[in-house]
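> First to last, the sequence lines map onto chains A and B. Per the numbering used here, the first sequence starts with residue 1, numbered consecutively. Per the numbering used here, the second sequence starts with residue 1, numbered consecutively.
Check the hints yourself; a few may be wrong.
For the chain A half of the interface with chain B, some residues (derived, Cβ under 7 angstroms), not all of them [to be verified]:
| # | residue |
| --- | --- |
| 1 | Ala64 |
| 2 | Leu183 |
| 3 | Ala184 |
Covered stretches of chain A, going by a simulated chain B footprint (3 or more residues, C-beta under 8 angstroms) [what the hints assert, rightly or not]:
| # | segment |
| --- | --- |
| 4 | 31-42 |
| 5 | 79-89 |
It is worth saying that the hints were derived from the structure and are not from the lab. Each residue gets a CB set at the ideal place from its N, CA and C atoms; glycine is no exception.
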Amino acid sequence: MHDFLQKIVALPWDQSPQWLFLIPGLLMLLAASAAVCLRNLIHSALCLVLSFICLGVLFMALGAEFVGFVQLLVYVGAVAMLILFAILLTPAGEVAASNNPLKNFRLSSALHAAAGAAITFLVLAGLLTAIFFSPRAAHAVLPAQAAAAPVALIGENLLTHTLLPLLGIAVLLTAALVGAALLAKEDTSL
Amino acid sequence: MMLQILLALSAVLFCIGLLAALTRRNAIMVLIGIELMLGAGNLNFISFWKFSAHPENLTGIMFAIFSIAIAAAEAAVGLAIVIQVHRRLHSVDVNQANELKG
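Can you make the complete structure from the sequences, with help from the hints?
Structure, rendered in structure tokens:
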């Protein structure tokens with residue numbers, strides 16, 4: 001297993017053709033769209049897992065192996081697990097519409113969806129315009145570096161330059177864990 | 001050109017997450033959309049690190065690592081709030097959690 005991983009990492013990724021990056025990228029977009037569109041929550045959580053795996057593969061292909069493995073461990077291992085637990089602890093489906101007495105409920109729901117889609121389309125158009133057509137986009141792009149992030153260098157950086165943020169993250173994670181346990185407690189007096 | 005393709009991938013992923021957060025009425029789907037948006041942000045950090053002038057400084061890597069840690073904390077607290085809302089209102093519909101509305 002270890003030899004296999006080393007062979008994968010040692011592949012000449014920097015000489016690979018550029019369109020190779022599109023395979024995990026497009027698969028990620030496909031899985032994310034499926035996660036958003038599917039009605040069954042379990043299916044959409046599993047599509048979310050596939051999307052996160054593709055994102056991790058993309059990170060590794062870009063030379064950030066450590067971030068790719070952290071992505072797999074944290075998102076696929078922990079966050080997807082939390083989401084699946086929350087889905088199982090709450091009743092399935094968006095069926096709360098039946099107890100809504102308003103007759104124009106469907107109209108307002110359709111308006112809501114149309115407004116959300118319009119805002120999303122505006123944001124997407126703005127982002128793509130800025131990426132492809134802004135005057136600085138043409139000449140501000142540097143060639144790709146043969147960038148590598150060895151784990152030893154990351155660890156050294158974490159414990160020297162970013163020591164204070166690291167301690168802050170530790171306190172934040174502890175506080176979030178205690179807060180989540182307190183919030184989800186059965187006989188809470190909130 | 002490759003940086004622009006990566007940024008476009010990330011922009012589309014962000015908009016898929018935004019669409020989920022804005023249009024779905026289930027609170028868990030809203031959280032899934034937020035996770036997708038955070039993933040798009042991480043992809044941007046890594047892409048700009050790959051194409052930066054000094055990748056040996058590891059700036060983008062550090063940003064991505066801290067961002068993943070904060071996303072994990074956000075998911076834990078968000079899902080605990082969803083479970084508490086379900087316990088009080090017997091529904092995870094975000095439209096029904098309006099007790100604070102004036």
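> Does the interface hint hold: is Ala64 (chain A) within less than 7 angstroms of chain B, judged Cβ to Cβ?
holds, 5 angstroms
> With 7 angstroms as the cut and Cβ atoms as the points, is Leu183 (chain A) at the interface with chain B?
With a minimum Cβ separation of about 4 angstroms from chain B (threshold 7 angstroms), the hint on Leu183 (chain A) holds.
> How does the coverage statement for the segment 31-42 of chain A fare against chain B, requiring three or more residues with Cβ below 8 angstroms from a Cβ of that chain?
That given contact holds, which follows from 5 residues of the segment 31-42 of chain A lying within Cβ reach (below 8 angstroms) of chain B.
> Are at least 3 residues of the segment 79-89 of chain A within less than 8 angstroms of chain B when you compare beta carbons?
It holds, with 7 qualifying residues against the three required.
> Hint validation: Ala184 (chain A) versus chain B, beta carbon distance must be below 7 angstroms. Holds or violated?
Nearest chain B Cβ about 4 angstroms off; hint holds.
Violated hints: none; the structure is consistent with every hint.
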